[in-house]
Amino acid sequence: MMRHALNNLLGKILGAAELALDHARELQLRTELETIIGLSEEGAGIVARLGPSASQD
Amino acid sequence: MNPKRVLLIDDDLELLRQMSQAFQGAGFDVAAAPDGRVGLLRFDKGHFDLVVCDLIMPTREGIETIVALRKAHPALRIIAISGGYRVGPQDFLDLARHVGADETLAKPFRLSDLLALSAKVLAVPAGSDV
Numbered sequence: 001m002m003r004h005a006l007n008n009l010l011g012k013i014l015g016a017a018e019l020a021l022d023h024a025r026e027l028q029l030r031t032e033l034e035t036i037i038g039l040s041e042e043g044a045g046i047v048a049r050l051g052p053s054a055s056q057d
Numbered sequence: 001m002n003p004k005r006v007l008l009i010d011d012d013l014e015l016l017r018q019m020s021q022a023f024q025g026a027g028f029d030v031a032a033a034p035d036g037r038v039g040l041l042r043f044d045k046g047h048f049d050l051v052v053c054d055l056i057m058p059t060r061e062g063i064e065t066i067v068a069l070r071k072a073h074p075a076l077r078i079i080a081i082s083g084g085y086r087v088g089p090q091d092f093l094d095l096a097r098h099v100g101a102d103e104t105l106a107k108p109f110r111l112s113d114l115l116a117l118s119a120k121v122l123a124v125p126a127g128s129d130v
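Chains X and V supply the protein sequences, listed in that same order.
For the first sequence, the positions run 1 to 57 when the working numbering is used.
For the second sequence, the positions run 1 to 130 when the working numbering is used.
So here's chain X without its partners, still in its complex pose (with noise of 0.2 Å):
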């Protein structure tokens, strides 16, 4: 399981950045935020193209 414990553990990091971003007004801070979405949503693709042994229990 380990795919679904990285796409858990992705989600819940583009879901953090993503609500800290609705209170953010600095423009670094945004920026920052945006990075560490983008860097979430690659991370995401990575796994995707994991082989069959990370769908594995």
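Careful, some of the hints might be misleading.
So the derived label-pair ranges between C-beta atoms look like this [unchecked claim]:
hint : chain 1 : residue 1 : chain 2 : residue 2 : range
1    : V       : G46       : X       : E26       : 19 to 27 Å
2    : V       : A72       : X       : E32       : 45 to 53 Å
3    : V       : P3        : X       : G45       : 32 to 40 Å
4    : V       : K45       : X       : M2        : 35 to 43 Å
Here chain V is said to cover these stretches of chain X; the calculated rule only asks that three of the stretch's residues, wherever they fall, bring their Cβ under 8 Å from a Cβ of chain V [stated by the list, open to error]:
hint : stretch
5    : 18-29
6    : 32-39
Heads up, simulated DSS-like pairs for lysine-lysine below, C-alpha to C-alpha not over 30 Å straight-line [what the hints assert, rightly or not]:
hint : chain 1 : residue 1 : chain 2 : residue 2
7    : V       : K4        : X       : K12
8    : X       : K12       : V       : K45
9    : V       : K120      : X       : K12
10   : V       : K71       : V       : K45
These aren't lab readings, by the way, just hints derived from the structure by calculation.
Ideal Cβ positions, reconstructed from N, Cα and C, are used throughout, including at glycine.
Dock chain V against chain X, hints included.
Coordinates of chain V only, in the frame set by chain X:
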């Protein structure tokens, strides 16, 4: 107009907190449950327009929960979410749609995408196919 009511079911308490915050921010009345068993109990105690249900949970998993909800409430809107699959990328989510989920969303997802999907399914009149 009364706010829409959503029940969120997920064993990941941090994600449950994040989804709750996002839905509250969008004007929903929110209830949350950490598994399908508690989810069904909470559902029976209140009227809900929408259920967002995780699929892989230790106690009463999502497919079984969706089957029970759909059987008892044909007009209820249901979104299935999951980050896990064992055979192919969409297996669990396809199964969830087959047993009654109106829409599915693979984890990880943006909370804004979940809210947009919720608005989409709720925009369809009750009793219609999404």
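Can you name, in rising order, the numbers of the hints this structure does not satisfy? Checked against the structure, the hints that fail are numbers 1, 6, while the rest are satisfied.
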